[in-house]
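Asker: Quick note, the sequences are listed as chains A, B, C and D, same order. For reference, each letter of the first sequence is one residue, going 4 to 119 in our numbering. For reference, each letter of the second sequence is one residue, going 4 to 119 in our numbering. For reference, each letter of the third sequence is one residue, going 4 to 119 in our numbering. For reference, each letter of the fourth sequence is one residue, going 4 to 119 in our numbering.
Keep in mind that the hints are not guaranteed to be accurate.
Identical copies go unnamed one by one, so any copy, or any two together, can satisfy a pair.
[Unchecked claim] Restricting the straight-line Cα-Cα distance to at most 20 Å, the calculated cross-link-like pairs of lysine to aspartate or glutamate (DMTMM-like) are:
1. Lys79 / Asp55
2. Lys32 / Glu50
3. Lys109 / Glu48
4. Lys60 / Glu50
5. Lys68 / Glu38
6. Lys97 / Glu76
7. Lys97 / Glu48
8. Lys51 / Glu105
9. Lys71 / Glu96
10. Lys98 / Asp55
11. Lys109 / Glu41
Think of the hints as simulated: they come from the structure by calculation, not from any bench.
Each chain is listed here by its residues.
4 protein chains.
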Amino acid sequence: MQSIPPQVQSMLAQLESYQQQLQLLVQQKQKVQLELNEAKKALEEIEKLPDDAVIYKTVGTLIVKTEKSKAVEELKEKVETLEVRLNALERQEKKLNEKLKELTAKIQSAIRPTAG
Amino acid sequence: MQSIPPQVQSMLAQLESYQQQLQLLVQQKQKVQLELNEAKKALEEIEKLPDDAVIYKTVGTLIVKTEKSKAVEELKEKVETLEVRLNALERQEKKLNEKLKELTAKIQSAIRPTAG
Amino acid sequence: MQSIPPQVQSMLAQLESYQQQLQLLVQQKQKVQLELNEAKKALEEIEKLPDDAVIYKTVGTLIVKTEKSKAVEELKEKVETLEVRLNALERQEKKLNEKLKELTAKIQSAIRPTAG
Amino acid sequence: MQSIPPQVQSMLAQLESYQQQLQLLVQQKQKVQLELNEAKKALEEIEKLPDDAVIYKTVGTLIVKTEKSKAVEELKEKVETLEVRLNALERQEKKLNEKLKELTAKIQSAIRPTAG
Chain A
4 MQSIPPQVQS MLAQLESYQQ QLQLLVQQKQ KVQLELNEAK KALEEIEKLP
54 DDAVIYKTVG TLIVKTEKSK AVEELKEKVE TLEVRLNALE RQEKKLNEKL
104 KELTAKIQSA IRPTAG
Chain B
4 MQSIPPQVQS MLAQLESYQQ QLQLLVQQKQ KVQLELNEAK KALEEIEKLP
54 DDAVIYKTVG TLIVKTEKSK AVEELKEKVE TLEVRLNALE RQEKKLNEKL
104 KELTAKIQSA IRPTAG
Chain C
4 MQSIPPQVQS MLAQLESYQQ QLQLLVQQKQ KVQLELNEAK KALEEIEKLP
54 DDAVIYKTVG TLIVKTEKSK AVEELKEKVE TLEVRLNALE RQEKKLNEKL
104 KELTAKIQSA IRPTAG
Chain D
4 MQSIPPQVQS MLAQLESYQQ QLQLLVQQKQ KVQLELNEAK KALEEIEKLP
54 DDAVIYKTVG TLIVKTEKSK AVEELKEKVE TLEVRLNALE RQEKKLNEKL
104 KELTAKIQSA IRPTAG
């Protein structure tokens, strides 16, 4: 078996690092996506209630009365915050995927010529 | 020690894969069974309440008033969904157990003749 | 280095198995003890409330009105159940500790004579 | 490669032990800091409520009515307890960091002279 040249070894290490970052990003994205789905579902359910509905919210281990308008406002803010975070994560994922593609191409062209 | 023929090795790898799938299925079944038991217990407890009972439901971190009839309906749907999922998992488990049995027999008959 | 006689090896394997069982038991005991402390603390807090206090209980994701007398009764049952379980675990722990002590003595007397 | 003198080996082992303790301390500090932030946020939110606000508190799986004054008092006690614990952890962290610095210096001076 031929030994791998140092340059290629360094690129393979970088590739592995990118793959780990990507895996972490995908996990974070799934978590935010899940929270977003739940917030959207809650918003939908709260918006259907009459304006004078009895609504409580949890504050740590306490439960306090709130109003529909406030609950809807807070949920909308939460949905917006999560959407911003999700978009940021998706942009990072896209960039990382491009870097991965480029590096994979580089590694392949660095390996092939030696076989030519 | 005799080396294991490639065909048997491949069957042993398949066997291991089936066993891992079975283990995963059993875990999923236990989780769904647990959720089903909890939903059934909740349904039983809610059905015993008077029709005008004060009932709240949690919607994310919010708590909203609901009615007995709605709560019972939602719990019945939940029980039904979980029963359908449990049945599907049990069918998968049965099929996988049959495959495991067949493959184990195949492996045994592939090993025995060489000793004959 | 002298090889360990099969009898002693078998006793050492048994010893390890006992130690694993003991570790599991201690973990279960801690979990039950924690639940018991929480149930006792809740009972104490509920008993201090006036008899006509507004009390709700969670039933899965639903919240229903209950009465002080019912809440106290349910908590007392829970405390009792947990105390019975804790006592059973403590008896098992004591028996296992005795077995461990006996087996350790046996192993020591099986090793010492060979050095004499 | 030169073998490491026993004294230095023992100091390196001590260094590793300090680093593990520090890692544990930092984790505990983060946990307490998080709980403290949540308690402070809850206190701030409860203090803004009118004095006759309807407030409930969770007691295990039960929910009981409480008053704003009691809820505020309990949250203030919680914040205080967590601040005391956080301060204690920070003092421990500072001391451990000093020990780590001293030991690192000792190890370096124990290694350097042998190269001189």
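Asker: State for each hint whether it applies.
Answerer: Verification of the supplied hints:
{"no.": "1", "hint": "Lys79 / Asp55", "result": "within (19 Å within a copy, 28 Å between copies)"}
{"no.": "2", "hint": "Lys32 / Glu50", "result": "neither (26 Å within a copy, 35 Å between copies)"}
{"no.": "3", "hint": "Lys109 / Glu48", "result": "neither (51 Å within a copy, 55 Å between copies)"}
{"no.": "4", "hint": "Lys60 / Glu50", "result": "both (15 Å within a copy, 15 Å between copies)"}
{"no.": "5", "hint": "Lys68 / Glu38", "result": "neither (23 Å within a copy, 23 Å between copies)"}
{"no.": "6", "hint": "Lys97 / Glu76", "result": "neither (32 Å within a copy, 44 Å between copies)"}
{"no.": "7", "hint": "Lys97 / Glu48", "result": "neither (33 Å within a copy, 39 Å between copies)"}
{"no.": "8", "hint": "Lys51 / Glu105", "result": "neither (49 Å within a copy, 55 Å between copies)"}
{"no.": "9", "hint": "Lys71 / Glu96", "result": "neither (37 Å within a copy, 46 Å between copies)"}
{"no.": "10", "hint": "Lys98 / Asp55", "result": "neither (47 Å within a copy, 54 Å between copies)"}
{"no.": "11", "hint": "Lys109 / Glu41", "result": "neither (42 Å within a copy, 48 Å between copies)"}
In the structure shown, a violation is registered for the earlier hints numbered 2, 3, 5, 6, 7, 8, 9, 10 and 11, in ascending order.
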